[in-house]
Amino acid sequence: DTAVSQTPKYLVTQMGNDKSIKCEQNLGHDTMYWYKQDSKKFLKIMFSYNNKELIINETVPNRFSPKSPDKAHLNLHINSLELGDSAVYFCASSHRTGNSPLHFGNGTRLTVT
Amino acid sequence: QKEVEQNSGPLSVPEGAIASLNCTYSDRGSQSFFWYRQYSGKSPELIMSIYSNGDKEDGRFTAQLNKASQYVSLLIRDSQPSDSATYLCAVPNDYKLSFGAGTTVTVRA
Numbered sequence: 001d002t003a004v005s006q007t008p009k010y011l012v013t014q015m016g017n018d019k020s021i022k023c024e025q026n027l028g029h030d031t032m033y034w035y036k037q038d039s040k041k042f043l044k045i046m047f048s049y050n051n052k053e054l055i056i057n058e059t060v061p062n063r064f065s066p067k068s069p070d071k072a073h074l075n076l077h078i079n080s081l082e083l084g085d086s087a088v089y090f091c092a093s094s095h096r097t098g099n100s101p102l103h104f105g106n107g108t109r110l111t112v113t
Numbered sequence: 001q002k003e004v005e006q007n008s009g010p011l012s013v014p015e016g017a018i019a020s021l022n023c024t025y026s027d028r029g030s031q032s033f034f035w036y037r038q039y040s041g042k043s044p045e046l047i048m049s050i051y052s053n054g055d056k057e058d059g060r061f062t063a064q065l066n067k068a069s070q071y072v073s074l075l076i077r078d079s080q081p082s083d084s085a086t087y088l089c090a091v092p093n094d095y096k097l098s099f100g101a102g103t104t105v106t107v108r109a
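From first to last, the protein sequence lines are chains A and B.
Residue 1 is where the first sequence starts when you use my numbering, and the numbers rise one by one after that.
Residue 1 is where the second sequence starts when you use my numbering, and the numbers rise one by one after that.
Excised from the complex, chain A in its bound form:
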């Protein structure tokens, strides 16, 4: 059973397009996150939701819009994609915010051409 699942695994698209990444967790966790991992492997938080409420928005361009319809789902929509958006995007969840370890999804490799 997959604990944190995200789709798609690969996403190749052209500049200017709009795309979405979906994430679902079946761990019963209250908090979900989006992290971006760049080509140098640095993992940087983008957003965090606790029980459908946005609690962290780390200076991410407003072309990125997260949506959490319920506490088991956190989707990421990206408008007007740019070359610099190419990265691996990880969804994660944790039992509670802050001191709990994260459980990661398998990642979505986004390539913008």
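Bear in mind the hints are in silico, worked out from the structure with no lab data behind them.
It is possible that part of the hints are untrue.
Restraint-style ranges between C-beta atoms, simulated for each label pair [what the hints assert, rightly or not]:
1. T13(A) with K67(B): 42 to 50 Å
2. G84(A) with G59(B): 38 to 46 Å
3. P61(A) with G59(B): 38 to 46 Å
4. D55(B) with M15(A): 49 to 57 Å
5. G59(B) with P8(A): 31 to 39 Å
Bear in mind that the values here come from a model prediction, so they are computed numbers and not experimental data.
The C-beta atom is built at its ideal place from N, Cα and C for all residues, glycine as well.
Since the structure of chain A is provided, determine the placement of chain B on it from the hints.
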């Protein structure tokens, strides 16, 4: 100052040796510390958690925490080729987990 800093790699060790990875953090109030392992093309996987000063052992892995020095380390004993991966230190900070840049370990057969 970065929230979490790791010793820069890459680190190459012979099979059977001890690999030592270091991490320092800036938030003196942090209470929990995590080590993740990430294989190339895969997602980070939690391998160790430590909450108290001292050592914590789990199989061939030992985590060491010194809160006074704001320092946490990971030792991999009897290193195996399957340990070749990037190791990420993670520390809570302002309701999120902040990660170090990672140390890439290569175990030579």
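Here is how each hint holds up against the structure:
A C-beta distance of roughly 45 Å is found between T13(A) and K67(B), which places it inside the suggested range of 42 to 50 Å. Roughly 40 Å separates the CB atoms of G84(A) and G59(B), a value that falls within the hinted 38 to 46 Å. In this structure the hint that P61(A) and G59(B) lie 38 to 46 Å apart at CB holds, the actual value being about 43 Å. Under the hint 49 to 57 Å, the C-beta atoms of D55(B) and M15(A), about 50 Å apart, fit the expected range.
A beta carbon spacing of about 35 Å between G59(B) and P8(A) agrees with the range 31 to 39 Å that was offered as a hint.
Going down the numbered hints, you'll see the structure goes against none, and every one checks out.
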